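Enquirer: Start from the sequences and build out the full structure, keeping to the hints where you can.
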Amino acid sequence: MQGTARDLATDLRIPANELEYRCAGINHLAFYLELHHNGRDVYPDLRRIVEEDHVPEWNLVRYEVFRWFGYFSTESSEHLAEYVPWFIKDARPDLIRTFNVPLDEYPRRCEEQIAAWHELRAALEEGAAMRATRSDEYASRIVHAIETDEPFRFSGNVPNDGGLIENLPDDCCVEVPCVADADGITPEPVGALPPQLAAVIQTNVNVQGLTVEAALTGRRDHVDHAAMLDPHTGAELTLDEIHRLVDELLEAHGDLVPALR
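To convert, note that position 15 of the sequence shown is 225 in the numbering used here; the numbers rise steadily by one, no gaps.
Be a bit skeptical, because a hint or two may be false.
Unchecked claim - Simulated DEER-style distance windows between Cβ atoms: (1) E230 x W327: 34 to 42 Å; (2) W278 x A301: 41 to 49 Å; (3) D431 x E228: 19 to 27 Å; (4) L334 x R471: 40 to 48 Å; (5) D359 x T308: 23 to 31 Å; (6) R471 x N377: 40 to 48 Å; (7) D304 x T427: 21 to 29 Å; (8) D304 x D359: 54 to 62 Å.
Derived from the structure by calculation, the hints contain no laboratory data. If you're wondering where the values come from, they're calculated on a predicted model, not measured in any experiment. Just so you know, even glycine gets a beta-carbon here, dropped at the ideal spot from N, CA and C.
Expert: Here it is, written out as structure tokens:
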């Protein structure tokens with residue numbers, strides 16, 4: 211979400227460090243509940259970007275979901291398209307073109323990361339001096355906050371204990387604002403999400419819950435159920451096709467997946 215916040219600041223033509231936001235949802239499917247600049251709600255400015263057809267070509271999926279659901283997603287357009295049933299369809303290549311879904315984003319990113327690791331390994335083996343830079347990831351900042359008691363605010367994934375998000379199940383994992391300090395990590399209650407956001411998130415919580423059931427019970431049918439209820443899979447395949455797909459995936463993973471009954 212920190213990267214998307216910079217993207218939104220660019221679209222809104224404001225300094226990235228001046229955009230204030232509050233997000234909630236689940237991992238990889240969260241939304242900006244609030245977006246402010248100097249105390250002013252900037253969601254009307256985002257809506258004008260849509261109305262005036264100034265949406266960046268590389269970010270069409272997220273703006274389309276924003277247009278219909280009223281809130282902006284924290285995930286990339288390519289990744290968001292994988293969590294919902296509306297954009298990636300085998301029989302609709304026109305949708306890929308219309309929404310400019312970059313289906314090669316993750317393979318390309320993997321290739322870049324592998325190349326970077328090879329370069330880093332070679333430099334370390336040669337004893338070259340490396341200049342350390344902090345990434346966007348939160349781990350080092352969380353550790354620093356816990357060790358120094360200098361509070362660090364971030365959005366973290368935690369159990370929904372006590373109904374941090376009221377209209378999602380208590381036994382799911384949610385992404386909410388958190389504070390790290392010497393006391394550890396303290397999540398903040400969000401209340402109820404807008405019902406349309408809770409509904410689209412719940413479609414993925416269903417899949418996660420059934421996957422956990424399969425892992426705890428060893429029941430193969432719950433693996434099928436999880437795959438069958440995935441929004442993207444269900445939009446593409448019949449129940450028989452999904453069962454066969456799961457068969458092929460389990461075979462491909464071999465001993466990496468425990469025996470199921």
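Enquirer: Take the hints in turn and mark each one as holding or not.
Expert: Hints and how they fare:
| no. | hint | verdict |
| --- | --- | --- |
| 1 | E230 x W327: 34 to 42 Å | 35 Å, holds |
| 2 | W278 x A301: 41 to 49 Å | 22 Å, violated |
| 3 | D431 x E228: 19 to 27 Å | 51 Å, violated |
| 4 | L334 x R471: 40 to 48 Å | 47 Å, holds |
| 5 | D359 x T308: 23 to 31 Å | 51 Å, violated |
| 6 | R471 x N377: 40 to 48 Å | 35 Å, violated |
| 7 | D304 x T427: 21 to 29 Å | 42 Å, violated |
| 8 | D304 x D359: 54 to 62 Å | 55 Å, holds |
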